[in-house]
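S.K.: So the protein lines, in turn, are chains A and B.
Letter 173 of the first sequence, counting from 1, is numbered 173 in this note's numbering, and no numbers are missing.
Letter 414 of the second sequence, counting from 1, is numbered 414 in this note's numbering, and no numbers are missing.
Hints are computed from structural coordinates only; laboratory data are not their basis.
Small disclaimer: the values here were computed from a predicted structure and weren't measured.
Warning: the hint list may mix true and false statements.
Simulated coverage check for chain B against chain A, where a stretch passes if three residues somewhere in it have a Cβ under 8 Å from a Cβ of chain A [claimed, not checked]:
| no. | region |
| --- | --- |
| 1 | 16-22 |
| 2 | 74-84 |
| 3 | 168-180 |
| 4 | 230-239 |
| 5 | 244-258 |
| 6 | 422-436 |
| 7 | 476-484 |
Quick list of simulated restraints, FRET-style, between CB atoms [to be verified]:
| no. | chain 1 | residue 1 | chain 2 | residue 2 | range |
| --- | --- | --- | --- | --- | --- |
| 8 | A | SER51 | B | PRO388 | 51 to 61 Å |
| 9 | A | LYS147 | B | SER83 | 42 to 52 Å |
| 10 | A | GLY156 | B | VAL259 | 28 to 38 Å |
| 11 | B | ALA307 | A | ALA13 | 25 to 35 Å |
| 12 | B | TYR226 | A | GLY156 | 23 to 33 Å |
| 13 | A | ASN66 | B | THR237 | 28 to 38 Å |
| 14 | B | THR472 | A | ARG254 | 49 to 59 Å |
| 15 | B | GLU312 | A | GLU17 | 40 to 50 Å |
| 16 | B | HIS397 | A | ARG254 | 51 to 61 Å |
| 17 | A | ARG254 | B | ASP293 | 26 to 36 Å |
Listed below are several chain A residues computed to face chain B (Cβ distance under 8 Å; list not exhaustive) [unchecked claim]:
| no. | residue |
| --- | --- |
| 18 | ALA7 |
| 19 | LEU11 |
| 20 | LEU14 |
| 21 | VAL18 |
| 22 | ALA104 |
| 23 | PRO124 |
| 24 | PRO226 |
| 25 | PRO276 |
Cβ atoms here follow ideal geometry from the backbone N, Cα and C, with glycine treated the same way.
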Amino acid sequence: MAREAAARQTLFALRREVARIEGTLAERLVLPPVPADGALVRHSGIPSGSSAFIRTGVPRLDERLNGGLPRAALTEIHGAGMRDMGAVTGFAFALASLVLQGDASDGPLFWIGTEDGFREGGLPYAPALLRDYGIAPERLILSRVRKTGEALWIAGEAARLKAVSALILEIRGNPARLDLTVTRRLQRRAVLAGHPVFLVRQSSGTKPAGAEPTAAPVRLLLSPAPAGLRQTVSGPLPGSIGPPVFRVGIDKNRNGLPGQFLLEWAPDTHSFHERPVGHDPENDAENNGIVVSPSRHRPDLAPSSGALMALAEAGDGAPRGEPPGKQHAAHRGARRAG
Amino acid sequence: MASRQENNTRRIAALDERAEALGLKCGMGIADARAMYPAIEIAEEDCEADRRLLESLADWCDRYTPLVAVEGKDGLFLDISGSAHLFGGEKRLLDEVLSCFLHQGFAVSAGLASTPGAAWAAARFSLSPIREGKEKEALWPLPLAALRLPAETRERVESVGLKRAGMLLATPRAPLARRFGKELLLRIDQFLGIVDEPVSPRLPVSPLSVERRLTEPAMLQSEIEYLAGLLASTLRTELERRGEGARMLRLSLFRVDGVVNRIEIGTSQPLRDPALIRRLFRERLAALEGAIDAGYGFDLVRLSVSATAPFETPQAGLAGENADGEEELAMLADRIRARLGARAVLKPACMESHIPERAALELPYAEAAAGSLTATVRKSGQGGPLPPQRPVRLFGHPEQVDVTAEVPEGPPLRFRWRNVTHRVARSEGPERIAPEWWHAAALERTRDYYRVEDEAGHRYWIYREGFYGAETVHPRWFLQGLFA
Chain A
1 MAREAAARQT LFALRREVAR IEGTLAERLV LPPVPADGAL VRHSGIPSGS
51 SAFIRTGVPR LDERLNGGLP RAALTEIHGA GMRDMGAVTG FAFALASLVL
101 QGDASDGPLF WIGTEDGFRE GGLPYAPALL RDYGIAPERL ILSRVRKTGE
151 ALWIAGEAAR LKAVSALILE IRGNPARLDL TVTRRLQRRA VLAGHPVFLV
201 RQSSGTKPAG AEPTAAPVRL LLSPAPAGLR QTVSGPLPGS IGPPVFRVGI
251 DKNRNGLPGQ FLLEWAPDTH SFHERPVGHD PENDAENNGI VVSPSRHRPD
301 LAPSSGALMA LAEAGDGAPR GEPPGKQHAA HRGARRAG
Chain B
1 MASRQENNTR RIAALDERAE ALGLKCGMGI ADARAMYPAI EIAEEDCEAD
51 RRLLESLADW CDRYTPLVAV EGKDGLFLDI SGSAHLFGGE KRLLDEVLSC
101 FLHQGFAVSA GLASTPGAAW AAARFSLSPI REGKEKEALW PLPLAALRLP
151 AETRERVESV GLKRAGMLLA TPRAPLARRF GKELLLRIDQ FLGIVDEPVS
201 PRLPVSPLSV ERRLTEPAML QSEIEYLAGL LASTLRTELE RRGEGARMLR
251 LSLFRVDGVV NRIEIGTSQP LRDPALIRRL FRERLAALEG AIDAGYGFDL
301 VRLSVSATAP FETPQAGLAG ENADGEEELA MLADRIRARL GARAVLKPAC
351 MESHIPERAA LELPYAEAAA GSLTATVRKS GQGGPLPPQR PVRLFGHPEQ
401 VDVTAEVPEG PPLRFRWRNV THRVARSEGP ERIAPEWWHA AALERTRDYY
451 RVEDEAGHRY WIYREGFYGA ETVHPRWFLQ GLFA
């Protein structure tokens with residue numbers, strides 16, 4: 001009898017400890033709500049089902065990310081330089097578009113940044129939102145403040161609100177205030193409120209962004225890639241600039257798998273398509289003259305792209321499965337100012 | 001002693017007691033005064049500073065009545081009707097005002113009467129309070145100066161031998177008006193209360209205000225927050241009775257030594273809940289940290305509502321939780337605004353304009369909140385032709401770039417932006433945007449926009465300013481935006 005009581009006490013103590021680590025109440029741990037399809041239970045008892053991920057729509061990328069980008073989490077998106085801000089912004093808007101498409105509520109999209117970041121990289125431009133990303137400009141709330149600390153405060157407060165659909169926090173450079181504690185708080189609030197927080201990092205002139213660790217489970221490196229050609233009724237238009245293409249490198253991933261992808265954003269369907277790495281749109285159009293973005297019309301190209309991928313990576317001189325040198329985190333390599 | 005420049009002479013504008021004891025007088029020439037007493041200290045009169053001091057005194061007098069008006073260069077009107085009983089009667093209020101000013105180091109004379117004219121005279125000629133209906137007796141022995149007449153009129157009246165105000169009362173009115181103008185009679189009537197004279201208060205009077213007088217001055221921020229919450233809960237009943245909520249709130253902190261701090265917050269939705277009001281003031285106080293000097297503490301705290309709006313009571317869900325995200329959001333926007341200013345939360349609005357920088361406008365959230373968040377998403381391709389492609393980021397000020405182009409009116413080949421040269425791999429354009437001539441901005445020139453992609457795949461929005469040949473021979477190039 002006494003031993004049983006002691007064992008039970010130990011069990012309770014352990015449960016409390018687990019609850020403390022998980023950040024929830026011990027009572028809630030007792031019976032986690034297991035959905036019928038046997039999905040995993042993550043932090044705070046939020047079940048991970050299909051809705052727990054933002055699916056990019058690119059099977060290979062989703063698979064590499066173990067189902068997609070986590071929906072209720074902090075995700076870091078890095079641009080190597082100021083010039084990449086166009087690509088980073090476009091990608092953030094594209095992800096937000098994917099989030100808002102699946103979002104029944106009319107929650108706003110918060111974009112928080114500092115004055116100097118907006119001066120250097122320009123202000124997110126509302127008229128582009130509706131046309132290319134299907135986001136009504138009214139849903140965007142822009143917050144421009146002077147100091148990083150103020151931006152972090154607003155982000156922290158906004159991340160708490162369940163009414164917010166997605167939050168984009170743009171931080172320039174590598175401020176000391178953006179430390180592990182702050183990002184953990186953001187991650188925690190994102191998990192509790194169930195919406196994504198995208199941490200967009202902009203490199204400032206002297207200091208590369210991203211040298212310090214953050215609590216974000218996923219970090220993506222973004223740079224632009226040459227776009228395909230514009231599609232017309234009579235085939236691709238030579239010399240034109242088609243829909244944007246992003247070079248996405250997975251720099252940090254929960255299951256440890258890095259990778260590199262070329263994603264094309266289709267402004268008309270508001271979805272991503274993969275382009276094989278090493279694909280040259282000019283030659284493609286001139287040589288066969290039939291298709292320019294094969295993925296859009298021939299989604300069955302995916303298996304062959306795997307083979308191409310391996311060749312391209314080997315050619316880059318990077319170790320197997322890692323992004324090539326110039327795609328590494330901004331802090332590791334020399335970078336040209338600009 | 002302060003001096004003032006008057007025409008070509010410098011005269012004494014103000015002087016202290018010791019100088020007065022020497023026999024100097026206001027209006028005396030500085031040269032004469034110097035000749036009499038070479039050691040006197042003279043400073044230039046600073047009207048601006050005097051006015052500021054008077055206004056801060058008026059602020060301080062706010063504690064007695066919300067109706068405080070500044071009179072001339074050195075006077076204040078306090079309309080104490082309705083507020084005297086709070087201080088134990090008119091006489092005690094007068095005593096308290098006088099003793100407070102005396103302790104602050106001001107020599108003040110005050111008068112109490114039922115008309116502004118009589119009060120003015122009572123203060124200038126140190127009369128005992130004039131009771132209502134006794135103005136005539138009070139006016140009788142006073143000199144003409146008690147009537148606030150312009151110097152010119154006064155001299156003319158005096159020149160005919162009417163030295164005392166009482167003499168005017170005994171004189172028939174019609175000849176007086178004919179000879180000296182209407183103002184003389186108006187002043188007399190205002191003194192007697194026959195003509196009502198409005199005193200326009202310096203600050204707009206709030207429709208609602210509550211205050212708390214403290215015996216022990218409050219100094220800590222937490223105490224002020226607590227008081228704000230307390231006052232807000234008092235305010236709540238009145239707001240509920242009116243069916244309104246506050247859109248603009250002002251917290252006035254009266255410091256013991258006479259400085260008044262006013263803290264204002266605005267809300268994007270009518271507000272009633274004391275906890276929320278307290279929270280907003282907490283943000284505001286946190287932002288003002290350092291800007292407010294508590295000094296020896298605040299002994300009077302007043303919360304007033306300066307703008308109200310009808311309050312719609314929402315039906316609460318039976319489950320208790322009211323899942324109204326918009327309200328939550330408005331509250332956050334208000335808090336950000338209280339802390340960082342109205343320009344910290346913006347809502348973009350698309351304007352009807354061809355000029356890119358005019359096509360988008362950022363409105364403060366509170367202003368934009370008048371419209372609804374729930375706008376329908378228009379699918380591109382529907383309803384008219386597809387709008388032209390626009391960059392995702394736009395620079396507020398287009399940045400000039402050095403461009404090499406094959407032909408002056410052709411697309412760029414190479415450009416230099418922020419010290420880096422970019423080779424253009426492909427370009428699309430031009431998209432010609434003419435200046436909006438109907439906006440009276442004749443200085444603007446036609447812009448030819450190109451979407452260009454450099455070899456690394458960065459996509460930029462570049463324009464050439466000026467129509468080559470017709471408008472300019474050396475067109476300048478600007479980079480205005482970044483494409484995804």
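S.K.: State for each hint whether it applies.
M.R.: Tested hints:
| no. | hint | verdict |
| --- | --- | --- |
| 1 | 16-22 | violated (count 0) |
| 2 | 74-84 | violated (count 0) |
| 3 | 168-180 | violated (count 0) |
| 4 | 230-239 | violated (count 0) |
| 5 | 244-258 | violated (count 0) |
| 6 | 422-436 | holds (count 4) |
| 7 | 476-484 | holds (count 4) |
| 8 | A:SER51 x B:PRO388: 51 to 61 Å | violated (36 Å) |
| 9 | A:LYS147 x B:SER83: 42 to 52 Å | holds (44 Å) |
| 10 | A:GLY156 x B:VAL259: 28 to 38 Å | holds (34 Å) |
| 11 | B:ALA307 x A:ALA13: 25 to 35 Å | violated (57 Å) |
| 12 | B:TYR226 x A:GLY156: 23 to 33 Å | holds (25 Å) |
| 13 | A:ASN66 x B:THR237: 28 to 38 Å | violated (56 Å) |
| 14 | B:THR472 x A:ARG254: 49 to 59 Å | holds (57 Å) |
| 15 | B:GLU312 x A:GLU17: 40 to 50 Å | holds (48 Å) |
| 16 | B:HIS397 x A:ARG254: 51 to 61 Å | violated (42 Å) |
| 17 | A:ARG254 x B:ASP293: 26 to 36 Å | violated (51 Å) |
| 18 | ALA7 | violated (39 Å) |
| 19 | LEU11 | violated (33 Å) |
| 20 | LEU14 | violated (33 Å) |
| 21 | VAL18 | violated (28 Å) |
| 22 | ALA104 | violated (12 Å) |
| 23 | PRO124 | holds (6 Å) |
| 24 | PRO226 | holds (4 Å) |
| 25 | PRO276 | violated (15 Å) |
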